[in-house]
Amino acid sequence: MSLEQLIKSCKNNDAKAQSQIYKLYASKLFSLCLKYSRNYSEAEDNLQDAFVTIFSKINQYKSSGSLEGWMKRIAINTALLRYRSAGVFDIINEDQIEDVSVEIDDEDVTIDFLLKIIQELPDRYRLVFNLYALDGYSHKEISEMLSISTGTSKSNLARARLILKEKIEQHKAMSNSQSL
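Each residue of the sequence shown is one higher than the one before, starting from 39 at the first, in this note's numbering.
Worth flagging that the hints you see were computed from the coordinates, not collected in a lab. Take these hints with a grain of salt, some might be off.
Below, computed lysine-lysine pairings styled on DSSO-like, alpha-carbon distance capped at 30 Å [what the hints assert, rightly or not]:
hint	residue 1	residue 2
1	Lys66	Lys192
2	Lys210	Lys178
3	Lys205	Lys178
4	Lys192	Lys110
5	Lys61	Lys46
6	Lys178	Lys100
7	Lys66	Lys178
8	Lys110	Lys54
9	Lys95	Lys49
10	Lys46	Lys95
11	Lys46	Lys110
12	Lys203	Lys110
13	Lys95	Lys210
14	Lys61	Lys49
15	Lys205	Lys154
16	Lys66	Lys46
17	Lys210	Lys154
18	Lys66	Lys203
19	Lys46	Lys100
20	Lys66	Lys95
21	Lys205	Lys192
22	Lys61	Lys95
23	Lys100	Lys154
Go ahead and model the full structure; you've got the sequences and the hints to work with.
Printed below as a string of structure tokens:
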């Protein structure tokens with residue numbers, strides 16, 4: 039069955055078509071949910087909630103863009119909704135701090151380590167970091183998605199980078215002291 043036929047069948051609440059769509063996209067959407075979740079279990083919950091939303095709103099998909107892109111936006115918004123309703127972004131004003139760049143030129147820093155320290159960031163910093171650095175959203179888009187000011191978005195990104203830089207430097211220092 040073609041993707042267009044699957045979508046049409048999903049719009050008619052065909053469980054087999056929904057299952058096929060799930061099988062096609064679950065792993066990609068799960069890795070996206072994992073970026074925006076505190077842990078594996080929360081990512082599973084977000085994935086489940088995202089697919090419930092996807093299938094309940096499939097009639098809104100107009101086939102003008104990619105289905106995957108549409109589903110990714112739903113998955114991100116599902117995870118963000120969890121944080122908005124928990125009050126994670128209830129900040130009135132946050133001082134701007136100097137922007138920090140994080141450069142990684144060391145083989146001691148693995149992708150697994152980077153993912154681990156990104157996931158350990160406080161929620162508000164992790165979400166802004168992921169949206170900006172990993173998914174390419176602008177501060178204006180982030181501020182609209184999270185209902186925060188662009189200044190808060192910029193500040194949260196800078197704080198996330200500062201925390202990541204400190205953890206990478208600590209990791210490097212530990213690796214260097216162990217190799218002596």
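Here is what the structure says about each hint:
About 28 Å separates the Cα atoms of Lys66 and Lys192, which keeps this hinted pair within 30 Å; it holds. For a cut-off of 30 Å, the pair hint linking Lys210 to Lys178 is broken: about 34 Å separates their Cα positions. For the hint linking Lys205 to Lys178, the alpha-carbon distance of about 28 Å falls within 30 Å, and the restraint holds. With a CA separation close to 23 Å, the supplied pair Lys192 and Lys110 stays within the 30 Å bound.
For the hint pairing Lys61 with Lys46, the CA-to-CA distance comes to about 17 Å; that is within 30 Å, so the pair holds. A hinted pair counts as satisfied when its Cα atoms are at most 30 Å apart, and Lys178 with Lys100 qualifies at roughly 26 Å. Under the criterion of a C-alpha separation no larger than 30 Å, the hint pairing Lys66 with Lys178 is consistent with the structure, at around 26 Å. For a cut-off of 30 Å, the pair hint linking Lys110 to Lys54 stands: about 21 Å separates their Cα positions.
For the proposed pair Lys95 and Lys49, the alpha carbon gap of about 9 Å is at most 30 Å, so the pair holds. Proposed proximity of Lys46 and Lys95 is supported: the alpha carbons are some 13 Å apart, at most 30 Å. The suggested pairing of Lys46 with Lys110 holds, with an alpha-carbon distance near 19 Å, which does not exceed 30 Å. Proximity of Lys203 to Lys110 is assessed by CA-CA distance (about 28 Å); at most 30 Å being required, the pair is judged to hold.
The hinted pair formed by Lys95 and Lys210 fails the criterion: a straight-line CA distance of about 47 Å is larger than 30 Å. For a cut-off of 30 Å, the pair hint linking Lys61 to Lys49 stands: about 17 Å separates their Cα positions. For the hint linking Lys205 to Lys154, the alpha-carbon distance of about 11 Å falls within 30 Å, and the restraint holds. Between the alpha carbons of Lys66 and Lys46 the distance comes to roughly 22 Å, so the proposed pair stays at or under 30 Å and holds.
Distance restraint check for Lys210 and Lys154: the Cα-Cα separation of roughly 15 Å lies within the 30 Å cut-off, and the hinted pair is therefore satisfied. Straight-line distance between C-alpha atoms of Lys66 and Lys203 comes to about 28 Å, which keeps the hinted pair within the 30 Å bound. Pair hint Lys46 plus Lys100 holds up; C-alpha atoms about 11 Å apart against a cutoff of 30 Å. For a cut-off of 30 Å, the pair hint linking Lys66 to Lys95 stands: about 19 Å separates their Cα positions.
With a C-alpha separation of about 20 Å, the suggested pair Lys205 and Lys192 falls inside the 30 Å cut-off, and the hint holds. Simply put, Lys61 and Lys95 have alpha-carbon atoms about 18 Å apart, close enough for the 30 Å limit, and the pair holds. As the CA atoms of Lys100 and Lys154 are separated by approximately 37 Å, the hinted pair breaks the 30 Å bound.
Comparing the model with each numbered hint stated earlier shows that hints 2, 13, 23 do not hold.
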